[in-house]
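Participant: Sequence:
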Amino acid sequence: NISSSDFTNKVLTTLNAPDIDSGEATLFTAIILDINKKLITGDKRAIKALSSLISISSFDIWLRVLTLEEAILTMLHSHPFDVISNKIRCRNDVDTGLSIIFGRSVKNSKESVIEGLISNINELKRATNHHYCFPKISP
Numbered sequence: 047n048i049s050s051s052d053f054t055n056k057v058l059t060t061l062n063a064p065d066i067d068s069g070e071a072t073l074f075t076a077i078i079l080d081i082n083k084k085l086i087t088g089d090k091r092a093i094k095a096l097s098s099l100i101s102i103s104s105f106d107i108w109l110r111v112l113t114l115e116e117a118i119l120t121m122l123h124s125h126p127f128d129v130i131s132n133k134i135r136c137r138n139d140v141d142t143g144l145s146i147i148f149g150r151s152v153k154n155s156k157e158s159v160i161e162g163l164i165s166n167i168n169e170l171k172r173a174t175n176h177h178y179c180f181p182k183i184s185p
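In the numbering used here, the protein residues as written are 47 to 185.
Rather than coming from a laboratory, the hints here were simulated on the basis of the structure. One thing to keep in mind: the hints can contain errors.
[As the list claims (entries may be wrong)] Taking lysine-lysine and the DSS-like style, the derived pairs with C-alpha atoms no more than 27 Å apart in a straight line are:
1) Lys171 with Lys182
2) Lys83 with Lys182
3) Lys84 with Lys171
4) Lys171 with Lys83
5) Lys156 with Lys171
6) Lys171 with Lys90
7) Lys182 with Lys156
8) Lys56 with Lys83
9) Lys90 with Lys56
10) Lys94 with Lys84
11) Lys182 with Lys94
12) Lys84 with Lys182
13) Lys56 with Lys84
14) Lys94 with Lys56
15) Lys90 with Lys153
Every value quoted in this text rests on a predicted model; they were computed, and no experiment measured them.
When you get a sec, could you build the whole thing from the sequences and use the hints?
Facilitator: Printed below as a string of structure tokens:
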């Protein structure tokens with residue numbers, strides 16, 4: 047629940063940017079206002095837009111924002127690869143990028159999948175001027 051303080055309104059106004067929809071703006075505001083909140087999102091366009099907002103980029107939120115790719119990469123360290131791969135590959139509504147990484151008609155190897163996920167994450171780091179941080183290292 048986001049409070050309606052002047053600061054909250056200022057953050058929401060700042061987040062009123064072309065590539066940040068109202069839902070993502072609300073989620074970003076929640077993690078700016080509460081340092082205990084984290085966000086997993088597949089909206090890399092919104093993350094790129096967030097990184098260009100100087101007043102927002104200075105907030106310590108980047109350790110608490112994860113892309114879907116980073117979340118899956120984390121799961122691959124603790125869950126069997128075949129289980130994750132099969133769940134992603136059997137669905138038609140999976141993100142196109144993830145579908146390609148895991149293999150559409152032929153399953154890709156675990157090493158290939160990890161390489162693809164890390165490549166996408168590193169591309170996002172470059173696109174956000176390294177605001178998006180990976181791997182996450184707590185202070």
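Participant: If a hint holds in the structure, say so; if it doesn't, say that too.
Facilitator: Structure-based check of all given hints:
no.: 1; hint: Lys171 with Lys182; verdict: holds, 12 Å
no.: 2; hint: Lys83 with Lys182; verdict: holds, 15 Å
no.: 3; hint: Lys84 with Lys171; verdict: holds, 18 Å
no.: 4; hint: Lys171 with Lys83; verdict: holds, 21 Å
no.: 5; hint: Lys156 with Lys171; verdict: holds, 23 Å
no.: 6; hint: Lys171 with Lys90; verdict: holds, 10 Å
no.: 7; hint: Lys182 with Lys156; verdict: holds, 21 Å
no.: 8; hint: Lys56 with Lys83; verdict: holds, 19 Å
no.: 9; hint: Lys90 with Lys56; verdict: holds, 23 Å
no.: 10; hint: Lys94 with Lys84; verdict: holds, 17 Å
no.: 11; hint: Lys182 with Lys94; verdict: holds, 18 Å
no.: 12; hint: Lys84 with Lys182; verdict: holds, 12 Å
no.: 13; hint: Lys56 with Lys84; verdict: holds, 21 Å
no.: 14; hint: Lys94 with Lys56; verdict: holds, 20 Å
no.: 15; hint: Lys90 with Lys153; verdict: holds, 25 Å
In this structure, every one of the numbered hints holds.
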